[in-house]
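All chains, please: the whole structure from these sequences, using the hints.
So the protein sequences, as listed, match chains A and B. With my numbering, the residue at position 265 of the first sequence is 265, and numbering never jumps. With my numbering, the residue at position 54 of the second sequence is 54, and numbering never jumps.
Keep in mind that the hints were calculated from the coordinates and are not lab data. Only a predicted model underlies this, so the values are computations on that prediction, with no experimental measurement involved. Worth double-checking, as some hints may not be accurate.
Straight-line alpha carbon distances no greater than 20 Å define the calculated EDC-like cross-link-like pairs of lysine to aspartate or glutamate that follow [to be verified]:
1. B:K196 <-> B:E105
2. A:K417 <-> A:E343
3. B:K340 <-> A:E343
4. A:K224 <-> A:D189
5. B:K337 <-> A:E343
6. A:K417 <-> A:D374
7. B:K274 <-> B:D344
8. B:K203 <-> A:D189
9. A:K422 <-> A:D346
10. B:K71 <-> B:D134
11. A:K390 <-> A:E343
12. B:K196 <-> B:E283
13. A:K417 <-> B:D344
14. B:K341 <-> B:E231
15. B:K341 <-> A:E343
16. B:K341 <-> B:D314
17. B:K235 <-> A:E343
18. B:K337 <-> B:E312
Label pairs and their computed distance ranges (CB to CB) [what the hints assert, rightly or not]:
19. A:W56 <-> B:K282: 55 to 63 Å
20. A:F119 <-> B:I286: 44 to 52 Å
21. B:H301 <-> A:L293: 41 to 49 Å
To list a few chain A residues with every Cβ distance to chain B over 10 Å, as calculated [claimed, not checked]:
22. M33
23. T43
24. F54
25. R86
26. L201
27. Q287
28. S356
Where is the CB? At the ideal position from N, CA and C, for every residue including glycine.
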Amino acid sequence: MQHTRFKSTSILPLVMFRIAFGFLMCFSMFRFMYMGWIEDAYTHPTFHFTYHFFDWVTPFSTNTMYAIVTLCGLSALCIGIGFLYRISTLLFFISFTYLELIEKSWYLNHYYFVSLVAFLLLLVPANRYFAVDTKLFQKIKTHTVPAWTLLIFKLQLSVVYFYGGIAKLKSDWLLDAQPLTIWLKARTDLPLLGWLFEYDLTAYVFSWSGMLYDISIPFLLFYKKSRPLAYLLVVVFHVLTHALFHIGMFPWLMIFGSLVFLSHQEWIQIFSFFKLQLPEFTTRTSQKIPKTLLLFLYLFFGFQFIFPLRHHVLSNNVLWTEHGLRFSWHVMISEKNGFTEFEIIDKNSSKIWIDSPSLNLSTIQEKQFSFQPDMIWQYAQYLKKEYHNKGYPNIEIYAHSKVALNGRASQPFINPKQDLLKVTHINHIYKHVLPLRE
Amino acid sequence: MKKTITRIGSLLCIVLLCIHCDDRGITEDTYLIGYQRTQQLENVYVNEILPLSTAFVLKTGQLATAIATFKTTTTVDHLTIVRTRWIEALKVWKRLELYNLGTVEDRFIHYEINRWATNTVLINNYITGTDGIDESFIRSKGSSSKGISAMEYLLFSDEDTDKVMASFTQQANHTRRIKYLLALSNDLHTKATELKNIWVQDKEQFINAIENGTSGSQNQLTNALISLLEEIIIKKLGNPLGNNSGGTVAISELEAYRSETSLAILQEHLIALKRCYFGDFKEDSIKWGYDNYLLLIGNEHLTIRVLDVFNELDALLTSFEGSLKNELVSNPTNIVKLRKKFTDLLVLIKVDLANTIGATVTISDNDGD
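Right, here's the structure in full:
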């Protein structure tokens, strides 16, 4: 096998990242269970919004789903302690990605990020220090790893931040300070800082600084001299977003994830602050990486760099049409609400039904689907099946929908004159999204 | 490095302190929006929820008394009085029904007071059965066989008043039927008192929950407006129009069709919704409502649109001659118009208002973005 040599570096940052990720995800999975979200997301809904090409991913019974989430949480714990690391990481990656793929209305950027990180962890020997595996298999213990094993996580995290910043380069965000104007004025109850949110200027300051933070923070974290300040900014920024927006695990994932940028020396200094001693690791000058793996990583990150930008080709206003919005790191960037009901006409008997989706969908499903065209199309397909089963094979389905984006007045969303059953492919529905009026 | 870590730690502590420290001592000057929210919640509590709860206790008490008299003096005149008292209680309830939120919602007491459609088969089984009928018997039964709708079934079981009278005086088990009616009224009065007590105990929690999350009272109030509007659109108008049956009009799907109070119910709902939105409960007080709140955050245009729809709905409901049942039979397109107009109002609240105030139209927390 052909190899390329890669500079070697201390394993410590990689190990610390593995520990933080593992324990955080373990907590996250058991929190998911505790919150009753297994039922809300997987087992209570009678209909699921599946991902394109992944229609075959469906939930099991409630007990089985609990078992899967438990397995996912325990495998995360095993990642944290470095026990049977490769198997645990594989199990975590498969189970977490499976859970993520069941229901599109529960899509979150950070769930996607977790799947990517879990996949990348499969490629690196993060269990060769501070791990149970080093007790079981003493030969694997090492102080050094090739630098690419750290670089891939830094790059992945940088992609999230940088594209999150690029996504904010929109007139709503920069010129109208939306949706932050709405969100901050809704949080004036926040102790000490709340009064600041009364002012329009605050939303502008937050919008612009948020954008600048997202775009610049990867570079500041990479650069040794600015790293302490950068990490301080990471902590302050995410603690603030946690307090303001109640967004669950995302802030903590980014705070702990950014630890991967810290160098061996910086970790030693942190440990010494707590009176803990760590040895100096001697690093060899370079280590090998198979060329096939290197090629794969080029392809992987090439995809990561290009895919989030696809919406520029697909849509002239991604916040409105949502075409290409998922998997493109549009994090906390819009306040959107919608209402959609369906008119079903039987062409044979001229009978007309009005379907109110709130009767069939969970609260989150209803909220999310009402402004996402592909999900509106999927629901129409679901209705088609339902009415076929009731003995109405020859029907038309029309959506009556209204959506409000970032404080604008609500306006018609999907063309109400378009029979959705004549839209034969999920991606064609975007052609029937009416233009946004300012 | 030690200095850096110390600085990071100190700053983090300050940030956490800012975020999690006690928020007592908020004043009008420092937190205008928060202050306005408190005023809105206090207004709706003091001038609407509490007076309505008190009135409902009074009206259900009067209803129980009228039924007790009817039991001893079973005449048409007394039946008329009972029916009048029932309609009075119903009208108060249909305003109060909007406020199914917070602790009240958690206790499911609204179902106990008014769940429709009532289960007439179950009611008749209880009447023809042999169990002793009193308030404790009613309390032990499910919500589908008691409350306001169950009473309506007994009081308006037939369009012909003589036949209703006969059900209380001549038919088999007529004594048990009156007993059942009386037990229902006593149970309803007890439930009304319980409801009021919950609200009295919940005052501080309701008014002070000014946060924006799912536990915030303004958020819950917005969701209550949405829930009622959806119930009107889907259940109270949609199902009778045949939206769920291919367009076949179904009179029996109307709420309270026996007493022909369906129209009055919608009018009361509309009054309650409008009063809640504008905070317009009492003549001589500051009317803190969503309109003031929107003005403060710079979106007064929405209020103009909301007011227009309220006025159109009011005009439409007033234009109906006779009952909603008659309108549904003779001119269903008017009911279609009415449903559409209520849908317009729903969109303004569920989409526009929620979008403007950042209300969470969900019952769940979320896990990130």
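Pairwise hint evaluation, B:E283 against B:K196, where the allowed Cα distance is 20 Å at most: violated (23 Å)
Holds or violated: A:K417 to A:E343, with C-alpha atoms at most 20 Å apart: holds (11 Å)
Hinted pair A:K417 and A:D374, Cα distance within 20 Å: holds (17 Å)
20 Å limit on alpha-carbon distance, applied to hinted pair B:K340 and A:E343: Holds - the C-alpha atoms of A:E343 and B:K340 are around 13 Å apart, at most 20 Å.
Given hint B:D344 paired with B:K274 - CA-CA distance at most 20 Å: Holds, at about 14 Å.
Distance restraint between A:K417 and B:D344, which requires alpha-carbon spacing of 20 Å or less: holds (18 Å)
Interface-negative label, A:R86 against chain B, beta-carbon threshold 10 Å: holds (28 Å)
Interface exclusion of A:S356 relative to chain B, criterion Cβ beyond 10 Å: Answer for A:S356: violated, closest chain B Cβ roughly 5 Å.
Restraint status (C-alpha distance of B:K341 to A:E343 at most 20 Å): holds (17 Å)
Given hint A:E343 paired with B:K337 - CA-CA distance at most 20 Å: holds (15 Å)
Reported absence of A:Q287 from the contact zone with chain B (all CB gaps over 10 Å): Consistent with the label, A:Q287 stays out of reach of chain B, its closest Cβ about 28 Å off (over 10 Å).
Exclusion check [A:M33 not at the chain B interface, CB over 10 Å]: At roughly 12 Å from the nearest Cβ of chain B, A:M33 sits farther out than 10 Å, so the non-interface label holds.
Consistency with the previously given hints fails for numbers 4, 12, 20, 21, 28, ordered from lowest to highest.
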